[in-house]
Amino acid sequence: MTDAVAHPTPHSGSLLRQDERTRRRNNAERRFRLYGQVAIGIAIMALVILLTSVLGNGLSAFRQTFISMPVTLDAAVLDKKGNRDPADLKKVTTIGYSKLLVNSLTQVIEEEGIVVEGLASSDIKDMISDEAAAQVRDRVLGNPDLIGQTVDLKVLANGRIDGYLKGRVSMESAERDSNVSVNQLRLTESLVERGIIGKSFNWGFLTAADASELRPEAAGLGVAILGSAYMMIVVLVLSLPIGVAASIYLEEFAPKNRWTDLIEVNISNLAAVPSIVFGILGLAIFINFAGLPQSAPIVGGLVLTLMTLPTIIITTRAAIKAVPPSIRDAALGIGASKMQTVFHHVLPLAMPGILTGAIIGLAQALGETAPLLLIGMVAFVRDFPAAPPEGLFDPAAALPVQVYNWTQRADPAFVERASGAIIVLLVFLLVMNTAAILLRRRFERRW
Amino acid sequence: MKAAKITVSALALVAAAGAAEARDQIQIAGSSTVLPYATIVAEAFGENFDFPTPVVEGGGSGAGRKKLCEGVGENTIDIANSSSRIKQSDIDLCASNGVNEIMEVRIGYDGIVFASDLNGAEFAFTPADWYNALAAKVVKDGVLVDNTNKTWADVNGDLPAQDILAFIPGTKHGTREVFDVKVLEAGCEATGAAEAMKAAGDEKAEGCLALRTDGVSVDIDGDYTETLARIDANKNAIGVFGLSFYQNNTDKLRVATMDGIVPSTETIASGDYPVSRPLFFYVKKAHLGVIPGLQEYIDFFVSDDMAGPDGPLAAYGLVSDPELAKTQEMVASGTPMAPLN
Numbered sequence: 001m002t003d004a005v006a007h008p009t010p011h012s013g014s015l016l017r018q019d020e021r022t023r024r025r026n027n028a029e030r031r032f033r034l035y036g037q038v039a040i041g042i043a044i045m046a047l048v049i050l051l052t053s054v055l056g057n058g059l060s061a062f063r064q065t066f067i068s069m070p071v072t073l074d075a076a077v078l079d080k081k082g083n084r085d086p087a088d089l090k091k092v093t094t095i096g097y098s099k100l101l102v103n104s105l106t107q108v109i110e111e112e113g114i115v116v117e118g119l120a121s122s123d124i125k126d127m128i129s130d131e132a133a134a135q136v137r138d139r140v141l142g143n144p145d146l147i148g149q150t151v152d153l154k155v156l157a158n159g160r161i162d163g164y165l166k167g168r169v170s171m172e173s174a175e176r177d178s179n180v181s182v183n184q185l186r187l188t189e190s191l192v193e194r195g196i197i198g199k200s201f202n203w204g205f206l207t208a209a210d211a212s213e214l215r216p217e218a219a220g221l222g223v224a225i226l227g228s229a230y231m232m233i234v235v236l237v238l239s240l241p242i243g244v245a246a247s248i249y250l251e252e253f254a255p256k257n258r259w260t261d262l263i264e265v266n267i268s269n270l271a272a273v274p275s276i277v278f279g280i281l282g283l284a285i286f287i288n289f290a291g292l293p294q295s296a297p298i299v300g301g302l303v304l305t306l307m308t309l310p311t312i313i314i315t316t317r318a319a320i321k322a323v324p325p326s327i328r329d330a331a332l333g334i335g336a337s338k339m340q341t342v343f344h345h346v347l348p349l350a351m352p353g354i355l356t357g358a359i360i361g362l363a364q365a366l367g368e369t370a371p372l373l374l375i376g377m378v379a380f381v382r383d384f385p386a387a388p389p390e391g392l393f394d395p396a397a398a399l400p401v402q403v404y405n406w407t408q409r410a411d412p413a414f415v416e417r418a419s420g421a422i423i424v425l426l427v428f429l430l431v432m433n434t435a436a437i438l439l440r441r442r443f444e445r446r447w
Numbered sequence: 001m002k003a004a005k006i007t008v009s010a011l012a013l014v015a016a017a018g019a020a021e022a023r024d025q026i027q028i029a030g031s032s033t034v035l036p037y038a039t040i041v042a043e044a045f046g047e048n049f050d051f052p053t054p055v056v057e058g059g060g061s062g063a064g065r066k067k068l069c070e071g072v073g074e075n076t077i078d079i080a081n082s083s084s085r086i087k088q089s090d091i092d093l094c095a096s097n098g099v100n101e102i103m104e105v106r107i108g109y110d111g112i113v114f115a116s117d118l119n120g121a122e123f124a125f126t127p128a129d130w131y132n133a134l135a136a137k138v139v140k141d142g143v144l145v146d147n148t149n150k151t152w153a154d155v156n157g158d159l160p161a162q163d164i165l166a167f168i169p170g171t172k173h174g175t176r177e178v179f180d181v182k183v184l185e186a187g188c189e190a191t192g193a194a195e196a197m198k199a200a201g202d203e204k205a206e207g208c209l210a211l212r213t214d215g216v217s218v219d220i221d222g223d224y225t226e227t228l229a230r231i232d233a234n235k236n237a238i239g240v241f242g243l244s245f246y247q248n249n250t251d252k253l254r255v256a257t258m259d260g261i262v263p264s265t266e267t268i269a270s271g272d273y274p275v276s277r278p279l280f281f282y283v284k285k286a287h288l289g290v291i292p293g294l295q296e297y298i299d300f301f302v303s304d305d306m307a308g309p310d311g312p313l314a315a316y317g318l319v320s321d322p323e324l325a326k327t328q329e330m331v332a333s334g335t336p337m338a339p340l341n
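In order, the protein sequences belong to chains A and B.
Residue 14 in the UniProt record's numbering is what sits at position 14 of the first sequence, and the numbering runs on without skipping anything.
Residue 255 in the UniProt record's numbering is what sits at position 255 of the second sequence, and the numbering runs on without skipping anything.
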């Protein structure tokens with residue numbers, strides 16, 4: 001023990017006054033902080049721009065224009081034979097119901113004393129959505145007692161009328177637009193003043209099925225949300241047990257040799273494979289070889305399972321690795337078997353990490369579009385799939401694919417719908433990611 | 001242990017449900033041009049009949065026909081939509097997979113329009129103008145030379161002096177075929193370039209379809225919404241659209257005339273407007289009577305209520321077939337298509 005440690009040569013100058021070198025070092029540090037702040041600023045700006053454009057375009061999709069009016073469900077039109085026989089009632093098509101609605105609206109306009117010069121009767125017909133007749137028909141077929149009564153109905157207005165209330169269509173654009181006339185807009189204004197036409201919350205956007213180009217006002221996300229949910233069930237049921245089993249084996253039981261190294265490298269590689277490749281694989285194996293149906297959530301779920309597995313395996317292994325060896329040693333030391341150690345001690349402690357990984361993997365799978373395009377989930381599907389497990393084999397859409405679908409439609413009203421669908425998708429992702437963070441916060445243990 | 005049990009039971013469940021399932025809805029794929037019409041019919045079919053709504057997919061005419069020809073059975077589609085006529089190679093593929101009888105149903109005509117930004121200049125084109133604007137080689141003073149035309153006024157003195165910039169459908173689109181045949185080839189003939197090429201040794205005048213590569217003609221591989229967005233960003237450009245797309249966006253686009261004719265359902269039905277094409281769908285006959293509702297769906301598709309001149313298809317921009325009655329008869333009797341001639 002000597003004091004022979006060389007003292008650094010004492011710095012000349014004052015502690016209170018920075019010399020050239022300190023200043024340079026401090027400047028470098030300040031610059032670095034600035035770079036960091038600029039980087040974060042750019043990221044935040046990109047996010048703000050994205051969110052404003054999506055919210056600005058899409059929020060209006062959650063409000064829809066409806067026409068509220070009393071409709072007389074005339075028995076002479078809907079049930080000519082008067083026997084309320086369902087087979088006879090079905091013979092009246094939506095065209096018959098549509099006429100009924102037009103008559104009711106015409107009557108309302110007359111009663112209110114609204115006069116618009118040059119208004120043709122076809123103008124009134126075009127103000128009501130084609131979907132309205134189908135909805136009324138479904139309601140009457142479901143409850144034939146309604147026939148003969150006068151009911152207060154709230155029916156969808158045409159997409160262009162909706163566009164006028166939302167500012168997408170104006171008097172000037174209507175003059176050039178072959179799908180709407182200025183007279184219709186004038187009539188709309190008078191009806192809005194009297195409270196007959198108005199906007200209200202659009203539940204249909206979340207519950208209804210997709211609609212064709214002729215009725216954008218009726219298009220909804222119901223089938224897509226259901227399809228996505230079914231796929232997530234399949235992904236969760238398959239990828240969580242398989243992924244966890246694989247990671248436990250690899251981490252706790254498998255010998256460390258060339259084979260396990262090879263498997264490890266391949267799992268990491270799989271995690272980086274572009275998702276479209278899984279789509280091609282799914283098409284070849286599940287549809288062409290195994291003969292599973294097209295457009296079905298089961299196939300989508302299987303493909304997404306393949307995609308999610310590596311993510312789950314990697315996070316699960318990390319979570320298991322993070323459990324300190326002392327826990328295992330203690331369990332083994334008091335005589336527990338290897339399996340008891342893993343299932344009674346390691347797995348419960350690793351659970352929060354595993355669940356976080358699973359949720360993040362699911363969130364990734366939820367937003368995945370490319371592989372679904374190849375297995376027929378881009379289809380136009382209007383019927384809701386049945387309850388699982390049969391429903392897993394019925395055709396359905398998926399949320400991200402629905403966004404893709406709607407951006408390709410000709411009618412400008414679908415722009416708003418596509419952005420609205422993005423908002424719904426983002427909300428789901430936000431909920432899932434929040435759940436992952438909460439789980440981690442709540443159950444995470446530090447050693 | 002538990003995890004393994006769950007996995008096994010899940011797989012068993014999936015397998016059991018799969019075996020019990022039989023398809024009860026019609027499946028359709030093919031042309032993205034026919035897709036909107038097919039969804040309109042499917043929607044109306046679903047709400048007025050007791051059958052489930054058919055599932056309709058896009059993907060392109062060629063891809064749809066290939067899918068149709070994959071074989072017979074529930075895993076293959078029932079109907080392929082197509083914006084061009086089926087090819088002999090498709091029929092051969094079908095035959096090799098056991099799909100022998102196909103019904104060809106012509107549902108109407110689609111027009112292709114040339115449109116620019118609403119606030120831009122007005123154009124009156126002829127196919128020759130388009131050829132002289134976009135082709136790689138044009139005839140100048142009787143000789144075949146590289147195309148150096150910069151503005152539309154260079155092409156034709158009557159057109160505005162606006163830089164040439166055209167967004168045309170990419171080669172994978174059925175629309176491109178019509179553009180090639182009805183516009184470029186027609187223009188090639190009209191300007192005498194075809195003759196000059198034949199004289200120079202290109203016997204089939206294949207050079208007619210070679211376009212300039214200096215950026216004045218841009219292939220759009222996406223759909224019409226992309227073309228519209230490009231025109232929005234590039235007010236000087238002229239785009240190629242389907243008639244129905246244009247009719248849905250008349251508040252943004254100004255349509256050009258072709259040979260002095262304004263495109264409309266009337267001028268296309270009468271055959272005056274030169275750039276139009278028939279639309280088809282092909283039905284696998286082996287699936288009739290097996291897939292519930294298939295016969296009813298095709299009957300409904302070609303019925304006057306749907307495909308007639310006052311029906312929703314015409315309202316959306318499809319041009320009704322003047323020979324619709326013949327098609328209805330053919331569909332009702334289930335006549336398969338004759339060999340291509």
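Treat the hints with care, since some could be wrong.
[To be verified] Within a straight-line C-alpha distance of at most 20 Å, the following computed EDC-like cross-link-like pairs (lysine to aspartate or glutamate) qualify:
1) K91(A) with E70(B)
2) K326(B) with E296(B)
3) K90(A) with D305(B)
4) K137(B) with E47(B)
In short, the hints are calculated from the structure, not lab data.
Are the Cα positions of K137(B) and E47(B) separated by 20 Å at most? violated (54 Å)
Between K91(A) and E70(B), is the straight-line Cα distance small enough, at 20 Å or below? violated (37 Å)
Is K326(B) within 20 Å of E296(B), Cα to Cα? Given that 20 Å is the threshold and the Cα spacing comes to 17 Å, the pair holds.
Holds or violated: K90(A) and D305(B), Cα atoms, limit 20 Å. Holds - the C-alpha atoms of D305(B) and K90(A) are around 17 Å apart, at most 20 Å.
The structure fails to meet hints 1, 4 from the earlier list, while all remaining hints are met.
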